[in-house]
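Participant: Residues per chain, in single letters:
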Amino acid sequence: MALGQSITDNDVRGALGVSIFDIFTLCTQSVINKWSKYKPVRDAGFGANWPSGSSGKYGLNLPTNWDYLGPGGGSEGGSPDEPGRLDDFRGYEHSKLLAFPSIQCRDTDNDLNAILYPSNTPYLQRWYCRAYRSASSVIILPSDLGLDSYYVGLKLSFGGATWYKTFGQVSSLDFTKNWNILVSAEIVTWSGTPAYSNFPYGTGQCDWQLILCSTAAAAWTNGAPSDIIYFPADTDGTNTFITSGSFTVHDWIKLSDYDMVFSAAAGYLESIVYCSTANLPAFTITDNASWITLAVYDGETLISNPALYAPGMKVRVSVSALATACIVSPEVGVGQDWTLDGAYTSGSLAGAASRSGTATVTSEGEDAVISVDQGNAGSNQLTFAFRSIDLGAGDTPIDVVIKRGSTTVFSDATGTFVGRDGFTKQYTVTINETGIAGETYTVTLTRH
Amino acid sequence: MAKKIIPTKDEEMTVIKLALSLGERMNFNTIFPLEGSIAENALGEALSKRVDFSPAEIKEWQISVFPDGKYSFNPQKAQPREFRFEPFEILYIQQGARFLEMDKKLRPFNYKLAERILSIKVKAKDETK
Numbered sequence: 001m002a003l004g005q006s007i008t009d010n011d012v013r014g015a016l017g018v019s020i021f022d023i024f025t026l027c028t029q030s031v032i033n034k035w036s037k038y039k040p041v042r043d044a045g046f047g048a049n050w051p052s053g054s055s056g057k058y059g060l061n062l063p064t065n066w067d068y069l070g071p072g073g074g075s076e077g078g079s080p081d082e083p084g085r086l087d088d089f090r091g092y093e094h095s096k097l098l099a100f101p102s103i104q105c106r107d108t109d110n111d112l113n114a115i116l117y118p119s120n121t122p123y124l125q126r127w128y129c130r131a132y133r134s135a136s137s138v139i140i141l142p143s144d145l146g147l148d149s150y151y152v153g154l155k156l157s158f159g160g161a162t163w164y165k166t167f168g169q170v171s172s173l174d175f176t177k178n179w180n181i182l183v184s185a186e187i188v189t190w191s192g193t194p195a196y197s198n199f200p201y202g203t204g205q206c207d208w209q210l211i212l213c214s215t216a217a218a219a220w221t222n223g224a225p226s227d228i229i230y231f232p233a234d235t236d237g238t239n240t241f242i243t244s245g246s247f248t249v250h251d252w253i254k255l256s257d258y259d260m261v262f263s264a265a266a267g268y269l270e271s272i273v274y275c276s277t278a279n280l281p282a283f284t285i286t287d288n289a290s291w292i293t294l295a296v297y298d299g300e301t302l303i304s305n306p307a308l309y310a311p312g313m314k315v316r317v318s319v320s321a322l323a324t325a326c327i328v329s330p331e332v333g334v335g336q337d338w339t340l341d342g343a344y345t346s347g348s349l350a351g352a353a354s355r356s357g358t359a360t361v362t363s364e365g366e367d368a369v370i371s372v373d374q375g376n377a378g379s380n381q382l383t384f385a386f387r388s389i390d391l392g393a394g395d396t397p398i399d400v401v402i403k404r405g406s407t408t409v410f411s412d413a414t415g416t417f418v419g420r421d422g423f424t425k426q427y428t429v430t431i432n433e434t435g436i437a438g439e440t441y442t443v444t445l446t447r448h
Numbered sequence: 001m002a003k004k005i006i007p008t009k010d011e012e013m014t015v016i017k018l019a020l021s022l023g024e025r026m027n028f029n030t031i032f033p034l035e036g037s038i039a040e041n042a043l044g045e046a047l048s049k050r051v052d053f054s055p056a057e058i059k060e061w062q063i064s065v066f067p068d069g070k071y072s073f074n075p076q077k078a079q080p081r082e083f084r085f086e087p088f089e090i091l092y093i094q095q096g097a098r099f100l101e102m103d104k105k106l107r108p109f110n111y112k113l114a115e116r117i118l119s120i121k122v123k124a125k126d127e128t129k
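The listed protein sequences correspond, in order, to chains A and B. Residue numbers for the first sequence, in my numbering: 1 to 448. Residue numbers for the second sequence, in my numbering: 1 to 129.
No wet-lab data here; the hints were simulated from the structure. Where hints are given, some of them may not hold.
No more than 35 Å apart at the CA atoms, straight line, and that leaves these computed lysine-lysine pairs for DSBU-like [unchecked claim]: (1) A:57 - B:59; (2) A:57 - B:70; (3) A:57 - B:77; (4) B:49 - A:96; (5) B:70 - B:105.
Chain A on its own, in the form it takes in the complex (with noise of 0.2 Å):
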């Protein structure tokens, strides 16, 4: 609870916790919260300026930093000429709950990952940024300072390079968490100059510094923008106010083709593996499917599995004879294993004596339709797997309908089956009737 208009000595050395007499002791103790909008501040006599103080700035050391900045003694008259008061006390806050930076960053907040992947997951950072701007009696508001039409922005010694950008005004802020901060590092031109969705390119650790300054920077730019402020870092013992840190951002490796659309007779399909560096780490290359061979060529010299990549080798995506057609999608990140599981299916009953199938995956955006070939009768159970493509991070329920011709033999709209960008689902139904050697199966899957 802040100390009232009416004030003693003991008051004061109550409320900071100390036992001392001296008055201009008192008024310069490293423990005054110099959050509180009333405190002694820096101004000469008997405080005409108080509590902006001389400075205009309730005592912070604004535009520097935002250290306090207490009477500083002197002599009167003289420079400095900054006495103690013990009447600035009125209205002091030494809770750091109740008087806190108003502009603010708290580290519980973010959604921060020590390291992204361009061509992977994670390669999302955000920051939530809170601005205290309802009227308070212990709060220094961000107008108090003319913080207000003051922009927020990240700074970035990255790639050898200083990098700014601006995404809003403090006036825009408030106190919930909701205003933030997102950049993507997700590689989206890999062949060529390269380029990120919203970072500047390049690879490494990556220092970040939240700023304030009074004019925008709408772009990722190398010029600094004006009178830029790092945001405050402090801790109320509860909440922990950071300013800045550190993330790296991964090596990464694409290929210059994801869907591969296979006949029955392709034989093999290549894929030009575009990195970041000449000697990209050693991964290692996962093949889900059975029916997929990979191989890595060096121009036409065969380099089985290597150790190290390079820009311009070529993925060989060879399907086996038992599958007729096919779409398969490389998804390559580094960071973790090269896993193929693209979209590919299979129709199976039980005890068929062979698997074959067609799969057709519509463009990104649609539902998946997928026919499957029934070579042999056998039993009710019918097995299908698809790699949706544009269906979200998270899981996405999907209804399922399968069609013998125009005779459907399962539905299901319940949301039971799942489905998930990137990831192969698999499922086995029982359809209603017993499978019929040579017909074709028509699996079509909506978003429930």
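We have chain A; now place chain B onto it with these hints.
Facilitator: For chain B alone, kept in the frame of chain A given last:
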């Protein structure tokens, strides 16, 4: 060299009334014993608090203090105020003032106050009678 302090009063008192100026109140504890028992230190703290400024004084006297002890105030408002002390309290303060005098540690801002307090002739009551 500090002046020799000569007591000028010689009377037995039970309660001592002492008028302290603004500056004397601010420097009151600078003539207390530097070290003492827990009880003595508690006494020193209680005496320091006794001469604290009231809310009205803080607000109206416009006191501002520099690190060297110099201060300014509104002379039209700030007036000496009388405080009451028990004999044992004066004896405690005198003990500190004497040590400071011996060590030549009295300074201009607390010399006169020390001289005033040392000039008080105190005879503690004999509680056994």
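Participant: List, from low to high, the hint numbers that the structure doesn't satisfy.
Facilitator: Per hint list: zero violations.
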